Each structure stands twice: as C-alpha cells, then as structure tokens.
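**Student:** This is what each chain is made of:
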Amino acid sequence: MTDAIRLYPAKPPKVYFYGTCLIDLFYPDAGLAGIQLLEREGIEVVYPQDQTCCGQPAYTSGYHDEARAVAAAQLDLFPGDWPIVVPSGSCGGMMRKHYPDLFADTPQAEAATEVAGRVWELTDFLLNVCHIKLQDLGEPTTVALHTSCSARREMGIAEVGPALLSQLQNVTLVTQQRAEECCGFGGTFAVRHPEISAAMVDDKVQAMEDAGAPAFVTTDCGCLMNIAGYAEKAARPLTGEHIVSFLWKRVSLQPGNGGSAR
Amino acid sequence: MTEAATHLSDVRQFHPRAHAALDNPQIRANFRKAMDGLMDKRRNAFAEWDLETLRTLGANVRQQALANLPDLLEQLEKKLTTNGIQVHWARSGDEACEVIRDICVARNAKRVIKGKSMVSEEMELNHYLEEQGIEALESDLGEYIVQLAEETPSHIIMPAIHKNTGEISDLLHEKTGTDRSHDVNYLTASARQQLREKFMQADVGISGVNFAVAETGTLCLVENEGNGRMTTTVPPCHIAVTGIEKVVGTLDDAAALLALLTRSATGQHITTYFNMISRPRQPEEFDGPEAVHLVLVDNGRSSIYQDDQLLDTLRCIRCGACMNHCPVYTRIGGHAYGTTYPGPIGKILMPHLLGLDATRDLPSASSLCGACGEVCPVRIPIPDLLVRLRRESVDGDRVHESRVRGHGLKRSTWEALAWKGWQWLHVRPTLYRLGTAMGARLRRLQPTTAGAWTRYRTSPRLAPRTLHQQLRERQTGSTGAIPARQRGASQ
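These protein sequence lines map, in sequence, to chains A and B.
Using this note's numbering, read the first sequence as starting at 1 and increasing by one per residue.
Using this note's numbering, read the second sequence as starting at 1001 and increasing by one per residue.
Hints are computed from structural coordinates only; laboratory data are not their basis.
Honestly, I wouldn't trust all of these hints.
[Unchecked claim] Derived lysine-lysine pairs resembling DSSO-like cross-links, with alpha carbons at most 30 Å apart:
(1) Lys-97/A x Lys-1420/B
(2) Lys-11/A x Lys-133/A
(3) Lys-97/A x Lys-133/A
(4) Lys-14/A x Lys-133/A
(5) Lys-97/A x Lys-233/A
(6) Lys-233/A x Lys-1110/B
[Said to hold, decoys possible] Sample of chain A residues facing chain B (criterion: CB under 7 Å; computed from the structure):
(7) Ile-5
(8) Tyr-8
(9) Val-45
(10) Gln-108
(11) His-131
(12) Ile-132
(13) Asp-136
(14) Arg-153
(15) Ser-166
(16) Met-225
All of these numbers come straight from a predicted model, not from anything done at the bench.
The beta-carbon is built from N, C-alpha and C at its ideal position, and this holds for glycine as well.
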C-alpha cells in the first residue's frame, strides 16, 4: 500500500509518456490530452514508440513468466533519467509497485526497481510536480469522480482528482455514496466472475445517478469501460470519460464553445 | 475423512452458490446493511487515533511473534504448565478433536458448553463430539442461532449476520418455542434464559483464545456477551483451543492487539468482557474450573510458516475487518465461499488448509481493489497474497517455485496458450504496431460481443487510429501538430 512517503521531484524539462494499451487502442484522445497538458506546462514529452503493455493482465492472472517477458520489453524504453508519466493508476501501480516483485531474483531486478522509482501517475504529476493551474473555459456542468482502487490505494492519490476538478470553476463535483468502493472491474475478474462484477458496477452506476451526476470522470480506462459500458448496455443515461480528456477539454475550449462531459 | 470429502466438494461449488446469493434480495440486503454499519463503526472508533501508526505497531507485534514462534510456544507451554494448565499439541483438526474427546472421556463428561471459537469450526468439533455421544452446545448468541438452524457461521465475528430479526424470531419460535417477536431484547433474553441452565449443567466448557501471552502464560479471551466468562468459569473443566500462531510475547503486545482488534471488528473501544485466564481454581478460591487445558492446533499452519511471503497470512487476529470492507463479500455473503473462514482472509488462508485444488475459484474471486489490505489492523498484504496464490494455482512462474498443496491444477492448456500468444505479440513492438493499426483500420469488423464481458456491458470501440499512430505522425512532422479535431473541440 502507500505506506512510504514519496517525495515529489522538481518539475523536469522532459518526461517519458507511457500511454497504456487501453488508451492506445480505445481511448487515444485521453493520451493526447495528457500529453498536451504536460506540454502546456513547458515539458517536452517523449513517447517511446516501442511501448506495448505493462504486463498487468497476465500478472494478476498468475501468468508471471509471460508478464515478466512483456514487462522486460518495456524496461529498456526509458534510458534517460526522466520521470515516466502514466495516465492510469492501475498501470502506474503495476510498474511502480509490482515490477520490483515481478523481477525479484532475476537479472533485471535492479533495472526494474530503477524504472519503478521513476513512475508517476499523470494527474498526480500534473498537480504535485507541475503545480498546474487550470482555467475553466467550459460551460457549467456536473460530474462525479471515480478514483480507481489502484489510484487510491496503490498510488495513494485519492485527493488529486478532487483537487484538480476544484480548480474548474464551472464544474460541480458531486460525491456519490461509497465513493471508495470498487466499481467491479478488476481486470480478468470481470470475466472470471461476471455476475459478481455486474452486481458491483450496477451499484456504482446507481450511486452516481443518485448523486445527480449525468456524467463521471475517472483516472483509469479499465473502470471507464466497465462503468460506462454497463450504463450503456443497461440504457442508463450516465456517460463517462477519462479525467485528463475532461480537463483538457475544459481548458482548451474557446469560451462559449460548449463543455459537455460526454 | 468422508466429512472432509463433503466439505471439499462444497468449496468447489463457489460459482453456483455465489450466483444464488446474488439473486437473493434478502441476503443482499442483510449483508449490505450490516457491512455498512460495521464500516461506519470502525471509522468512528479510530477517528481520534493515529490509525496508521497503530497498524504498524500491530503488524510489528505480530511479525515479531511469528519470527520467534517456536521459542514463544515453548515459553508458553512452560509457563502454562507451571501455572497448572495442561498443554496439548495437535497436528491436525482431527487430532485436536481426539485430544478433546479424550479429556471429556477421562472426566466422564457428556455435556459441553462452547464459547465462540473459529478453530473449533475449522476442526468441525461439534459434529465430532456429537458422533462420540457428547452434546456440544454453542453459547455465543450468533453461534447458538447458527447451530439451531443447522448452518455454519457466515462471518467470523458475527456468525448469524446473514439473518435478520424476523428470520431469527421464526427460528427461535420453531426450535425453542419462544414467542415470535421483533424485539431484539426479548429474543436475546429468551436465548439467555435457555442457555443459563445449560451452563449450570455442563461438564466441560470449551473456548477459543484471542491471544496467548508467552511471558505470563495468560490466555486472553475477547467477548461481549459474558458467555465466554461463563464457559471458562462455571463448568468444572475448561478446554481452550487455538491455532499455534496466536501466541504473543508480552502483555504489552496483547494490549496493542486488543486496541486494534475490538475497533477493527465491531468499532468498540473495548468489549464488554476481556478475560485473562492464567490458572485453574486455587485451593483458597471459591470458583473457576478445577482443570484447565490448552489445545494448540497446527492444521496446516506450520506449512504456511515455511514460506517467507505466505507467512504474513498467520499475522491475522481474526477481526473480520477485511470481510466487512470487501465489495465481493458484501454482495455474496459468507456462505457462498463454502469455507470456515470466508472473505479475503478466507481466500488466502483456506487454500493452505484445504489445498488449492479444492479452493480453485477463491483466489480469483477478487477485483484486487485493496480495501482488505487497507483496513487490516496487522497490515497483511492480502491482495499480494491473492496474486501469489493465483500464480501458484496455474504454476505461472519459473523463477519462483510453487509451494502450496494443489498448485498448478488450475492451469488450462488453452488459457496458457492464450497468454503465450499475448506475450508473443507484446514483445514484438513492430508487429504490435502493425497489428493494432490493422485492428483500428478494420474497426468496423470489431465484434459487438466479447464473451462474459458483454453479458453485462457493451464492448469498448477501437479508435480509428491508435495513439501510437497519431503520435508517430506528429513526431515525423507529417502534420506538425495534433489535428484540430482532436484538440477537444466539441462534437
């Protein structure tokens, strides 16, 4: 868990961006939004083209040989001494917290620990390293926030999302009941135990709707495709998007250009 | 042994039992309400404490005790023996049952009254004693209800939490003739009345132990109903039974754990009763049992002890906070697990007691949300241990060997092959880019169903161009900047 206090570095001139496979394939706009927010802070963003997946799906499924092979292919992508910024608490947590365990007793142990030490979740990095100031250009809107369990408990950044959203003066953030409870995604859990997972996400959608949110934002694309996908299938009105897509829209819009959270 | 076999087949029925529980609105409502209440109580109980420091203290106390376990157990045995408490060792649950039977037989005891003990549930002691012609009656109210209903506990602290007042009223009416009532105090008083007589008639009282203090030879028992004190003081003989991991060094250690236990479990600053038992009745004393025994049960614990990582499982002080905060337990309840210990702690403990083959669906029945690890008063890294057991159940690691009984039995050829294929693509960046770009181009052919995922959700749609593609174009300067339509312009 997040027992150790982590010191934030000074704002660097350059970072690596690890986009994650879900963003690469399904939500590239969230990746672009994140990169542009970093660039707006005057940071040069390097996106290694050879990145694929952090290895987490195989890791949490118990297939550690396969996870290690894929993770090992990522270790060489960050030769410079720059922070590695990840727009996901889950993939960030995998790299930061689990790489050292995964590579323990292997020749790459040192490299894995070194890489892990440079991994930051994007919103945490924007708030606490870049000290970002957001000027809201969107129209008034209301959202709920779902902080993923890995962002909350592995990366310890539960306060970051609310802090960023509170900078947006036209955005009302509502708090849903049991906000800290899992949405039921859990990677392969959602397909190994689909009924339990569905019961969890049903409660999550209900809680957000009860709070009066037409839309939600989240730090993780796994939760996003679970919650939004469930709402869509059940023909519920709730829609969602990655928090950095939302933030980028709010700050990059021309005034009066609309600020839908869809 | 036939019992063990039945138990085993039960555990394997996790999916159907979980589905039945999900479809039962009464079960869902009972657990949600109870768990919400327990989470609130715990939060309030720790409100004025530096919880993280206290949890670190609790973890250290348990870690230290486990590090010195063999020595502490010897010290405990010596001290207890000096104090006049007889110590027995049992390798398995069956052996422990036999030890208890022998004590009962030697005393010609026919009636046993029991305080709450999860180890005795693990041993299926009541069932065994019944077969030996010895009546064993549970005196903890929740356990009493569960026994009347011929069920097993659904929670380690609140055994009958799956029942609401109406269901309990019906049960008491049917089994004991108590008038039906929704007045909890009336129902409790009625059960108390029935039990009071049984205490007086009992030949032996059997209890569990929360902490066994090696330095002083003290058996500590935490309870709220007074039934623990009755069980350990009224009958002429008291048999305490506990796992070998429950020993701690000093009374200070016990104090730290007590502060964490009651707050984590029921949100109480202290329980109504805290019993410290150190010797049988002395000649000058008027009450208390004339004989006290302690049965120390291994039942798989020493095999957990052999592994540096799995060892953390044994830190557990049985507070139940992990299940109270578990989103899976809250929805399916304790019986769905089919194991003595349900919820997160059950998922990491039961595979050692029953083997990974029998408990094959338990390690995966978690979203790894981490709520259990976050509230554990002794910082057991439950999610990490679940991942460890998942790895063992498919023998998924050539660097770190599997050690748990029944490992590798969940490995299926097709799943292993699928992960091999996944690996093959993801260690070849050029092929990955080619394949994903092709997928993006052919996205209209993306199937709308994706196995169990789309049973309850729509499938996420592939984007027209991957992030890799978009950024490569940008880097090579084909457009020089991100196209305006991706600048977040409104749709």
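**Student:** Now look at each hint and say whether the structure bears it out.
**Tutor:** Right, here's what the structure says about each hint:
1. In summary, the hint linking Lys-97/A to Lys-1420/B is supported, as the alpha carbons are separated by about 24 Å, within the 30 Å threshold.
2. About 14 Å separates the Cα atoms of Lys-11/A and Lys-133/A, which keeps this hinted pair within 30 Å; it holds.
3. Proposed proximity of Lys-97/A and Lys-133/A is supported: the alpha carbons are some 29 Å apart, at most 30 Å.
4. At roughly 19 Å between alpha-carbon atoms, Lys-14/A and Lys-133/A fall within 30 Å of each other, so this suggested pair holds.
5. For a cut-off of 30 Å, the pair hint linking Lys-97/A to Lys-233/A is broken: about 34 Å separates their Cα positions.
6. At most 30 Å may separate the alpha-carbon atoms for a hinted pair to count; Lys-233/A and Lys-1110/B exceed this at roughly 61 Å.
7. Checking Ile-5/A against chain B: minimum C-beta separation of about 11 Å lies over 7 Å; hint violated.
8. The closest approach between the C-beta of Tyr-8/A and any C-beta of chain B is roughly 20 Å, which is over the 7 Å cut-off, so the hint fails.
9. The closest approach between the C-beta of Val-45/A and any C-beta of chain B is roughly 9 Å, which is over the 7 Å cut-off, so the hint fails.
10. Interface restraint check for Gln-108/A: the shortest CB-CB distance to chain B comes to about 11 Å, outside 7 Å, so the restraint is violated.
11. Evaluation of the His-131/A hint against chain B yields a violated restraint, the C-beta minimum of about 22 Å exceeding 7 Å.
12. Of the supplied interface hints, the one on Ile-132/A is violated, with its beta-carbon coming no nearer than about 16 Å to a beta-carbon of chain B, more than 7 Å.
13. A distance limit of 7 Å between C-beta atoms decides the matter here; for Asp-136/A the minimum to chain B is near 13 Å, and the interface restraint is violated.
14. With its C-beta approaching chain B no nearer than about 4 Å, Arg-153/A sits inside the 7 Å limit, and its interface hint holds.
15. Look at Ser-166/A: its Cβ only gets to about 20 Å from chain B, farther than 7 Å, so that hint breaks.
16. A hinted interface residue such as Met-225/A counts as satisfied when its beta carbon comes closer than 7 Å to some beta carbon of chain B; here the least separation is about 4 Å, so the hint holds.
Checked against the numbered hints above, the structure breaks hints 5, 6, 7, 8, 9, 10, 11, 12, 13 and 15 and satisfies the rest.
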